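Chains A and B are the protein sequences, given in the same order. Heads up, the first sequence is in numbering that gives the first Met the number 0, so the first residue is 0 and it goes up one at a time. Heads up, the second sequence is in numbering that gives the first Met the number 0, so the first residue is 0 and it goes up one at a time.
The hints are simulated quantities; they were obtained by calculation from the structure and are not laboratory data. Every clue listed holds true.
A short list of chain B residues far from chain A (calculated; beta carbon distances all over 12 Å):
| hint | residue |
| --- | --- |
| 1 | Ala12 |
| 2 | Ser165 |
| 3 | Lys322 |
| 4 | Ile347 |
| 5 | His355 |
| 6 | Gly375 |
| 7 | Ile378 |
| 8 | Arg381 |
| 9 | Arg406 |
| 10 | Arg409 |
| 11 | Phe422 |
| 12 | Gly429 |
| 13 | Gly438 |
| 14 | Thr442 |
| 15 | Thr453 |
| 16 | Pro454 |
Beta-carbon label-pair distances, calculated as ranges:
| hint | chain 1 | residue 1 | chain 2 | residue 2 | range |
| --- | --- | --- | --- | --- | --- |
| 17 | A | Pro197 | B | Glu39 | 14 to 22 Å |
| 18 | A | Phe111 | B | Arg144 | 29 to 37 Å |
| 19 | B | Gly429 | A | Pro22 | 53 to 61 Å |
Just so it is clear, the structure is predicted and the values come from calculations on it, not from any experiment. A virtual CB, placed ideally from N, CA and C, is assigned to each residue, including glycine.
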Amino acid sequence: MSRQSFLRRVRAALVGNRAAPAPVDYELARLAGRGDLLAQFARRAREAGMEVHQAEGAGPVGAIVARIIRRIEARRVLIDRDGVPARSELLAALMQSPAEVLVCPVGEAEVFAADAGITGVQWAIAETGSVVLRSGAGRCRLTSLAPPVHVAILTEGQILPDLLDWAVQVRSGPHGLVWAYEVLVTGPSKTSDIELNPVVGVHGPEMVHVVVIRSDESD
Amino acid sequence: MIRGGFSARADQAVADLALQAAMDRATGRQDSGRRELMGELPDPLALRGLAGQIRDQTLQRLDRHLEQLAVNVERLGGSVHWAADGTQACQIILGIARRTGARRLVKSKSMLSEEIGLNESLTAAGLEVIETDLGEYILQLAGDRPSHIVAPAVHMTAEGIGRLFSQKLRIAYTEDPAGLTRAARRVLRDKFRAAQMGISGVNLAVAQSGAVCIVTNEGNGRFVVSHPPVHVALMGMERVVPTMRDLAVLLKVLARSATGQRITVYTGLCGGPRRPDEPDGPREFHLVVVDNGRSEILAGPFREVLRCIRCGACLNACPVYRKVGGHAYESVYCGPMGALLTPLLESIVRRGDLAHASSLCHACAEACPVRIDIPGLLIAMRAELKRVGQVSRWQRLAVKLWAWLNRSSRRYHASAWCWRVFFDARARGGWHARLPGPGAGWTRQRDFPAMAETPFHKLWPQLAETPRGRQWQG
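Bound-form chain B, shown alone (with noise of 0.2 Å):
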């Protein structure tokens, strides 16, 4: 049917019963975490929407305010790099670190870094990059990737983690996460007294004041911007708001999204290197922003995509997603975001198998902080797949005789009584154990049920004398 791995990678993930087990824990805990805290709110939808126009008259005024941020970036005594692609970002990073003699740089969690493949690039180098949020560095030592946007290691175990931490960092072993929390912080902790440089990603630039937003719970984000003689900032290009109060309506539905909090616990404006009169902070800053295929993306129907903060509610409401996890989607971007943005950063013929990692049940939807219409884009991807040739012949003359059949009342009740009469024949107890074709992907899993005795349009009638009945016509 549709070329692509997801079904392949899908399947293997269920049959990972631990995985399940951390998922099924990870995503359930987040997610009604995003419904307690949002419905905190008074009014939950008015916001979202307000959070969305935000986003989507950023996006139409984009380069406006990209020029504004730049300007008053300039004029804090930070400098602001361009770059075209991933490509031109590792370099414009790697000149920097050059320049300024940095061998040992810090990282704080940036998913653009990982789209980029910066840390590869750098390390190729020759510099030693480590990464501090703690979900990462377990990730960094254990040579894996992440599997969640928001938190990376979930699909790990703390039996796998206290392994892994006794075997790299030569402790006595531990699944207690207090306990390897603290083997992270001590190792850590000098890794940030000793770097030379901090990288961090960027949540919300403010065009306005030239300060760039960045949240963090664990506090090393906090000491990557501020203890290394120089930041770089890095930054997809349409992570831009134009003013502080833009920020502020958007920082209220960020947190409560992610991870269900009202704020995380530390929300840094960092606007250029220290003043003259400050004891610490950088000596220099960088910001560099990144359109790797962005603004292909903004100048097409899929533009709304963009508006995304990458707070991951919809990852933990998507039911394919909380069964086979991220790594299924063999891409930096997972989940229902994913499933949009992976084949349009990459390639819609490669990677278009993703916009059918969905039911199109719309909690993405639902749990979207800046009411991106998912399912609508996903739907408008598999158009745009049989467009370019992605579905087979015998798939769309299938669906053709479907609708065929289906336009025309006469037929639809034809076509019903066939099939109650001929192939239902073959259910027992009201059910087919096993369907031809492809329908055998469903019944590997389940039954499929037959057709009622008698079909609802001939019991209507007398439903719609009921009073019920009447209720339900309104």
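Okay, chain A solo, but in the shape it has when bound (with noise of 0.2 Å):
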């Protein structure tokens, strides 16, 4: 069918039944406002069933993902090309790891190889302790999806407090949108299909560590 008969029967639908629409009061939604956003955060996610995990700087990233990879005894490490902070920090600690890092993007058998994958942030969001990640160059979608552990990093300054506040930053430029993904991840995967017993870690990761860098008092 086309779009113009298409439309046509869901305008003849609405005939004589239209009311004008009253103002949407959008801040009656809000549940998190300002204050220690990265307290919020944190408490949030760890609810969720992520690792939360403090670092005073960029400095401090390296060592707290190269004991997370010893931790879960990864072999093979993927990690974005692009927009993971304190990149060379972790790049030198990764390379003095026992493991093998792959920057992405690579070949499919490698990214499902992969032990652990990981990546930087758009967002963080405190009122649910969400990372949001987005699409791009030298972004790829399967460094948090395909391994079974998955490392955000990102800044204290990207946390937003509310979903409202996430909404009002996915605008789109003069051609529309100019990422062709986001998603909110909030906790490893799960799943309660059976018996509604949770279990934990079915196609997506099963374990999810976020690093959060600390802002500095001058900032």
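Take the two lone chains, each set in its own frame, and fit them into one complex as the hints suggest.
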């Protein structure tokens, strides 16, 4: 059916049936305000089953991630080419570890064979404890999806208070959205489809580590 | 009385003890999850009112929002297809598969795809279609149908699934949910990698940006929309919101109402095919917008039902659904919303008996995150059933007689007196073990009380003078 015919049927259904819209008070839906966003985010993220680590500046990031890699005994680690904060510190620490480090994009076989994937984030959301990942050059969708462990690195300044604040950030440029995919990740993958028994680790990662780089006093 | 098979299927379901245990466990947990997480909100009623207002206002200008959505999807490099009904939708998707040479398809959960029989259509054309949502995958292996719109395999036991997997996947028997999930993960991973086309549903499309929002917990939804070279998103025409802020409001109530989570693990926004500088993502994005009877509903008195965001909260709250489960409704859409949607999409004459699968207790209305007046609509549907001649003559007469007796205080007291003196004489110890005629349906399961010795209207003059009685009068 053509767009015209389809919409004509919808229009016909609405004839004589439209009321003037009343203004929507979005702020009624606000659940997180200002205040200590990092503390709110960390609490909610932990409640969602993610491990949250804090780094005082970019320096300690390498050591924190290296510790995670050692703990999970990862042999192959994937890292996005772009968008990862403290990248040089991170790579330096990873090169010291026994794990093989692959920089995305890589071949499909490598992606599915990786033990951990490291990405940056676009935003984090304090209200829900979510990290927001966005597609783009040097950022692979599968880095945070295929390996059983996902490590997300962000700076404190990337934490937004509420889903409403995230919503207004998703803006279209003159040619529409500049990215193809954005996903809010809130915890490891899970299911309760078998007798409502919760199982963690289905198709997505079974473990998510979030490393937050605290901002300086001087920021 | 009312034609249709719901009563018979409900009887069967109630006698099925395994089903009873499964339903009790599943719905109980999800319902208490909803109460807890909605209770966490500072003003749940206000938020639900806001969500309902957004959905309602969207429906009022649905044509404009759909047009804006289409323009924006195309601006991002996607294609929009319009299907008047399920057959057209299946043909469109089949056409895309043929043109792109896709023979191996993976699907994430879409109730609409079940409504239109998409899997059967594609399979008949020789294509392999694999459900990747764990519950749906289990049902596909078993050749069974979903019984709940959010947890579709809730009627199956772990033992049953264990036997199914050991038979179909040729693995050692286990009934451990984690082990079964791991087995499914292994199988489905290979399917994701080999798939040439991914088909998803759409939770809500955002007209302002041309992005479609898909929420999941398992991660299969992310694979389906990201890995295969072609992504087809199947959407009911009413599943759109105007702006991102509207989406944010609905996201705040959706997961809380459905599964008692603040938000689902993955809330994804798909905005067209991959951009030129992106290393992965689909090369083609298709949005298939389906009517299939929705514009008729939009035009009529049941329009409010189109607010539905398929959270399943009404199912988990409904005492009828919690007893009989989804199969008794014999429809893709079950529970209170299904009792409305099924007759509206199929035929009020043939499926209208579902409007009686309710005691009008209002649990569904209290649970609905977009404040659909389900009980009000069920009553309207019952009136519609009468209008189209689905209510038997003697039942209409009986109700007329009852109404006549109760409209006058004198007739009411007189008939109550007759009942007490002549009928309640048969009661033993204040209870009737058996009622005659249609009342036998009631006393098959329980006794029916005799009237009180002193009727309330005779007690009231004394009660009115007591402190409590005065309190009641305000």
